[in-house]
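J.: Residues per chain, in single letters:
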Amino acid sequence: MNNSLKQPANIVVWVVLLTMPYWMGFVGGYTELATRILVMALGAMALNFLLGFTGVLSFGHAAFFGLGAYGAAMTIKYIAPSSMLALFIGVLVGAIAGALIGALIVKRRGVYFAMTTIAFGQVFYFIAFRWNTVTGGDDGLNGWHREPINLGFTQLDIYHNPMLFYYFVLVIFAVSVGIMALLLNSPFGRTLLAIRENERRARFLGIEIERHIWMSFMVSCVFMALAGGLYALLNNFTDPRALRFDLSGNFVIMAVMGGMRSFWGPLVGAAIFVALQDVVSSHTENWMSVIGVVFVLVVLFFPRGILGLTRKANNS
Amino acid sequence: MSLLQVQNVSRHFGKLVAVNGVSLTVEPGELRAIIGPNGAGKTTFFNLISGFFPPTSGKILFNGQDVTALSPEQRVNRGMARTFQITEIFPELSVADNLRIAVESAAGLRLRPWLGAKDRGLVRARIDELLDLSSLTPKANRMVGELSHGDQRAAEIMMSLALNPKILLLDEPAAGMGDQETYDISRLIRRVHKQQKLTIVLIEHDMRVVFNLADRIMVLGEGAMLAEGPPEDIANSEIVQAAYLGKAA
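Which chain is which? The protein sequence lines are A and B, in order. Its first residue numbered 2, the first sequence is counted upward by one per residue in this note's numbering. Its first residue numbered 12, the second sequence is counted upward by one per residue in this note's numbering.
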């Protein structure tokens, strides 16, 4: 069970993430791109908590990403100029929505679960799209920006210093994936694996399936909303696309492409996705078709995702 | 007091009557076998006892309490464990982790995000005990999906045992096994039954297993009970021979 958390892999991942802003420029990138990779990776890993480690596919997770984004953006624009409060409110909004929607849909399975998540996601999308006066409608919510963080003795100017913002996001990312890793290695996490592996056997071991799926859904929604909040802070902007089902699909692609059975798989998937998107979209509007081809190739030749290969090698 | 009392249960699937007014009483410490030709309703009867689906009519008492309306999870928590005709395990996890999930669930730890050293030690010890009992210790770290059919069956029985059940329901434990595997699994069931004084109800097609293990046997045919009694009586019963050898006999 610890295969996905092998020490050498962990060291490589953290060294890469800690140094990313310093070498990003040499490979044609820039600091904001590195930050975007982190944020999307957090989203993909949050989705994968549910998909890869509980065996439940949500196709509407952008709803919680978007609620986190709008929650954060509207907090700064309408309530108080504080980045931390913005993230907190964003997560809170996502968590409440996740708790309610989760309770309504946990009895659904497979494709029915996926369809209902899309449906709920689109509800939020259309609210954001239509409610011009509050959400800015199709134009999105602008006229605000992330605020420096006041620590009392000093101030972190994450607004003007992109490098500092990267490390701010990295700290939040590290705490979040640390919590997820801890949960996955606990009895609770093993219970989720049991549900993924064989729901009937899990039930006949006395495990209340719906309750555990709901809790996994909640964990997933909380970190998804956090990623969404960070995404809004990164762009100093949010619009209804942050809630739309094609973004939900993108998170699924990241997780599957990277390897949904491995802990770091979605991070790798997100890095490839975001980097490809950045490079290809500067040449053509049809960047999605390139990603589509890459996705098809990965699924054909690495059915368990890019990191699925190494995991298989570890097992035997 | 009887441990399990099934009172006149029936189950209809549309027009099909899969189980028709069957009653069964199992005493603590007993090893009861249920036999019958294919389609006799044995597995349906098991599904009613374990709560896989509710009976159309009738009542099930376990430990003196009415459990007819309880979910499988609730019955497990009251001390019922079962295996399935087609092995139900966690194929992509190791043998030890399969057992670990069962042990942690039985200990009420399944919502814990964290385990202290003491709990971890207790869980570890219980897993080792179960591995030892089933001779699976050398294969503890293998993925259970990669093991032989017989070992997978043994692993499933051990997972059920990990729940510290008051009654263990085994659905064709020797199904699809060769002679050696059948012998091994019979020995394992006998050992568990004797050592832990565990009450067991099993469905089985292999008559060697049934006559070797059972204290009492119930015979089902076309959803109804045909006969019940100690193995000697059943072996000589004309009704049973007719049911097995066909109506022509």
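Honestly, the hints are just simulated from the structure, not real lab data. Note that the structure is a prediction, hence the values are computed from the model and not measured. One or more of the hints may lead you astray.
[Stated by the list, open to error] Pulled a few chain B residues facing chain A out of the computed Cβ check, cut under 7 Å:
(1) PRO83
(2) VAL87
(3) ILE112
(4) SER116
(5) ARG121
(6) ARG123
(7) TRP125
(8) GLY127
(9) LYS129
(10) GLU192
(11) TYR194
(12) ASP244
(13) ASN247
(14) VAL251
[Said to hold, decoys possible] Beta-carbon label-pair distances, calculated as ranges:
(15) B/ARG89 / A/TYR160: 58 to 68 Å
(16) A/GLY153 / B/GLN85: 49 to 59 Å
(17) B/LEU122 / A/GLY293: 32 to 42 Å
(18) A/MET116 / B/LYS129: 51 to 61 Å
(19) B/SER146 / A/VAL13: 54 to 64 Å
(20) A/GLY138 / B/ARG89: 54 to 64 Å
Even for Gly, the Cβ is constructed at its ideal location relative to N, Cα and C.
J.: Look at each hint and say if it fits the structure.
T.: Okay, the hints, checked on the actual structure:
no.	hint	in the structure
1	PRO83	5 Å, holds
2	VAL87	4 Å, holds
3	ILE112	5 Å, holds
4	SER116	5 Å, holds
5	ARG121	4 Å, holds
6	ARG123	5 Å, holds
7	TRP125	6 Å, holds
8	GLY127	11 Å, violated
9	LYS129	14 Å, violated
10	GLU192	21 Å, violated
11	TYR194	26 Å, violated
12	ASP244	33 Å, violated
13	ASN247	36 Å, violated
14	VAL251	31 Å, violated
15	B/ARG89 / A/TYR160: 58 to 68 Å	59 Å, holds
16	A/GLY153 / B/GLN85: 49 to 59 Å	52 Å, holds
17	B/LEU122 / A/GLY293: 32 to 42 Å	40 Å, holds
18	A/MET116 / B/LYS129: 51 to 61 Å	45 Å, violated
19	B/SER146 / A/VAL13: 54 to 64 Å	40 Å, violated
20	A/GLY138 / B/ARG89: 54 to 64 Å	56 Å, holds
The structure fails to meet hints 8, 9, 10, 11, 12, 13, 14, 18, 19 from the earlier list, while all remaining hints are met.
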